[in-house]
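Number of protein chains: 2
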Amino acid sequence: MHVKKQRLLTPGPTPLLPRALHAMMASDIHHRTQDFIQLYPRVLADLKEVYGTQNDVLITVSSGTGAMEAAVSNFFSEGDKVVVLSAGKFGERWADLAKAYRLNAVVLTAEYGQVVSPERVAQALSENPDAKGVFFQASETSTGAAHDVRAIGEIVKQTPALCIVDAITGLGTMPLDIDGWGLDLVIGGSQKAFMIPPGLAFISVSPKAWAQSETARLPRMYFDLKREKKMADKGESAWTPNVSHILALAEALAYIKQLGMAQLVENAQLLARATRAAAVEVGLELFASGSPSSSVTAIKAPAGMDSGEIVKAFRNQFGSIIANGQGTMKGKIFRIAHLGYFDFADLFAVVAELELILHQKGLPVTLGKGVAAVQRTYLEAQSGKQS
Amino acid sequence: MHVKKQRLLTPGPTPLLPRALHAMMASDIHHRTQDFIQLYPRVLADLKEVYGTQNDVLITVSSGTGAMEAAVSNFFSEGDKVVVLSAGKFGERWADLAKAYRLNAVVLTAEYGQVVSPERVAQALSENPDAKGVFFQASETSTGAAHDVRAIGEIVKQTPALCIVDAITGLGTMPLDIDGWGLDLVIGGSQKAFMIPPGLAFISVSPKAWAQSETARLPRMYFDLKREKKMADKGESAWTPNVSHILALAEALAYIKQLGMAQLVENAQLLARATRAAAVEVGLELFASGSPSSSVTAIKAPAGMDSGEIVKAFRNQFGSIIANGQGTMKGKIFRIAHLGYFDFADLFAVVAELELILHQKGLPVTLGKGVAAVQRTYLEAQSGKQS
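Chains A and B supply the protein sequences, listed in that same order.
Just so we're aligned, residue 493 is where the first sequence starts under this note's numbering, counting upward by one.
Just so we're aligned, residue 493 is where the second sequence starts under this note's numbering, counting upward by one.
Calculated from the structure, these hints are not laboratory results.
Some hints here could point you the wrong way.
What the hints assert, rightly or not - Straight-line alpha carbon distances no greater than 16 Å define the calculated EDC-like cross-link-like pairs of lysine to aspartate or glutamate that follow:
# : chain 1 : residue 1 : chain 2 : residue 2
1 : A       : Lys496    : B       : Asp835
2 : A       : Lys861    : B       : Glu773
3 : A       : Lys496    : B       : Glu758
4 : A       : Lys497    : B       : Glu773
5 : B       : Lys497    : A       : Asp835
To be verified - Partial list, derived from the structure: chain A residues whose beta carbon lies under 7 Å from chain B:
#  : residue
6  : Met493
7  : Lys496
8  : Lys497
9  : Glu611
10 : Ala614
11 : Val757
12 : Asn759
13 : Ala841
14 : Val863
15 : Ala864
Glycine included, each C-beta is placed from N, C-alpha and C at the ideal position.
The task is simple: from the sequences and hints, build the whole structure.
Okay, here's the thing in structure tokens:
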């Protein structure tokens with residue numbers, strides 16, 4: 493056994509920004525004193541800046557699913573008709589939430605690896621003019637496929653329905669013009685491109701959404717966003733906040749602002765492009781090749797091999813933690829993430845490891861060939877910047 | 493600008509073991525209470541086990557140079573004759589210490605990149621039978637060259653002189669049979685293969701050395717090893733200890749024991765071998781090719797290029813911090829470290845980065861070729877283990 497550093501390369505939790513991790517040690521402050529009240533509004537303002545919106549952006553102490561639930565419970569009433577786009581495990585979660593809260597959901601499904609086209613959304617809305625919301629994923633993490641958020645947003649914008657985007661792995665990996673495209677509720681999570689541990693979720697709320705919340709009768713308390721907004725305006729959180737995470741988030745947002753949100757997105761896009769090029773170079777097939785997301789790249793296991801074997805070899809031989817497929821995709825695909833604190837050095841190593849794993853499993857691989865594809869992507873990006 | 497993680501890949505400080513770093517947060521204990529007195533003897537015992545010696549092993553709160561000074565001030569008197577092997581910047585430090593303490597030093601120099609042969613040591617000792625000590629580096633960090641510690645130890649053992657080894661970058665990167673080879677004083681440092689921040693040094697002391705200390709008249713107080721030993725036997729340190737570092741060291745030693753010190757050495761040797769193979773593959777020349785150390789590999793800059801340019805490109809383009817040459821070697825070589833918490837993933841990335849840097853500077857490099865050399869070394873090591 494040799495030294496193997498554990499490297500978390502999954503689509504959430506993602507690698508932690510060291511300065512954010514270290515900042516968590518300063519948690520010995522009280523959340524109803526000036527210590528916190530000086531911190532929190534600054535974090536909310538930075539979060540809004542990074543979101544790039546004029547809408548309110550609120551924080552919930554929960555996982556992303558908590559904010560997804562808030563997006564249902566704050567804006568709808570029992571029996572409301574909604575349209576749900578389901579293209580994977582997280583699309584199914586929207587459907588489950590709609591069911592749990594007894595909404596009347598029209599579910600548009602797409603095969604795993606595919607997405608729901610804007611045309612189908614337009615058609616569903618014209619067939620269901622009483623729909624009060626359209627729920628979908630910006631990036632479907634389970635399959636590595638991305639919806640056309642802009643086109644869908646612009647369709648929904650012309651209707652009374654709210655456009656509700658789970659952007660938990662979309663934020664920081666794809667451009668999202670929240671105000672321009674009419675995205676009424678946009679949900680994020682701390683353990684994604686925000687580079688900090690799980691524990692916080694975010695949600696932006698448009699004026700159109702606030703207006704609809706006035707008549708929403710679904711029961712809510714912990715995730716009551718109106719209450720949260722009222723407290724946020726006073727520089728506090730409604731319930732006891734996860735102080736350590738707010739401290740970490742302050743550092744991570746400062747880092748993202750310094751880098752630039754557009755550059756963070758470009759970074760993920762570049763690493764995703766390089767990963768796709770490397771996968772093809774080592775003889776593997778991409779899963780969501782039609783509309784690949786830049787948050788995570790899903791790659792099919794070689795014929796006759798369980799993708800779990802590849803995931804296990806990454807961990808046992810190199811200490812690299814990558815993701816298997818989820819749900820029905822388990823054993824069929826493996827997933828390499830790019831969202832947040834990932835860089836080219838991570839990718840050089842992961843691709844070199846993948847080549848070795850395939851070679852050791854008897855597949856014909858020219859060592860270094862996939863790495864060279866990543867290197868060429870790096871050079872192309874550099875020359876693009878210089879020209 | 494994209495995401496660039498800062499990676500410390502220098503021969504000290506070295507990459508930190510995460511669990512050791514996290515342990516430093518528990519420093520709110522008092523060093524004269526049971527909290528510390530239960531910890532310290534366990535750390536000393538583990539350190540002795542990792543050193544692999546029956547000799548006493550003591551800790552000083554200092555950099556390695558402090559323990560080097562202790563190796564002079566505790567065992568010699570003004571005017572004592574000693575032999576100093578100087579093959580680089582750290583050999584010169586032994587000579588400086590001998591001079592500062594007014595010892596009568598016979599200095600055997602070797603050109604940078606070369607080492608002093610055991611034969612020259614034998615001859616010097618036969619010409620100077622009154623020599624009371626032989627000082628040298630196990631691994632000369634400034635040039636990446638390693639002395640033949642075993643051969644030198646076995647020569648010195650047969651004389652009254654003490655064999656004094658600066659193993660600051662030698663421990664954990666080369667086999668050191670302290671008791672078998674007669675190494676009387678062996679010095680280590682926390683920020684090397686011990687994977688924790690700078691702040692602690694270590695020194696093992698043989699019975700032969702303790703005996704010589706009885707007549708040593710050089711002044712000493714902070715580094716009085718007899719006092720330190722007396723306190724260590726009671727489970728304490730002579731002066732206020734660096735509690736955070738002792739906590740970190742406890743974790744690092746637990747990790748090294750779990751891995752095995754022999755495996756840690758093999759890890760460094762394997763990474764060094766892979767780095768040498770990669771350097772040759774990308775068309776570069778090794779600096780200390782005759783007796784390369786496994787702690788750090790020194791590589792010559794291409795003809796006409798300042799090595800500082802390469803060091804700078806590593807930092808600016810990839811966030812990788814590698815070392816320039818030191819002293820007269822500055823600008824001529826660059827150094828990639830392997831000591832401690834380094835793994836193959838680090839090396840895949842560093843070599844891919846080196847290829848890109850050379851390519852961008854107009855050198856003829858086949859992308860991926862150096863990485864493939866590292867991959868082949870990995871495969872050879874794996875097949876060696878299986879056969």
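Hint by hint, where does the structure go against what was stated? Just the numbers, ascending. Violated hints (numbers, rising): 4, 9, 10 and 11; every other hint is consistent with the structure.
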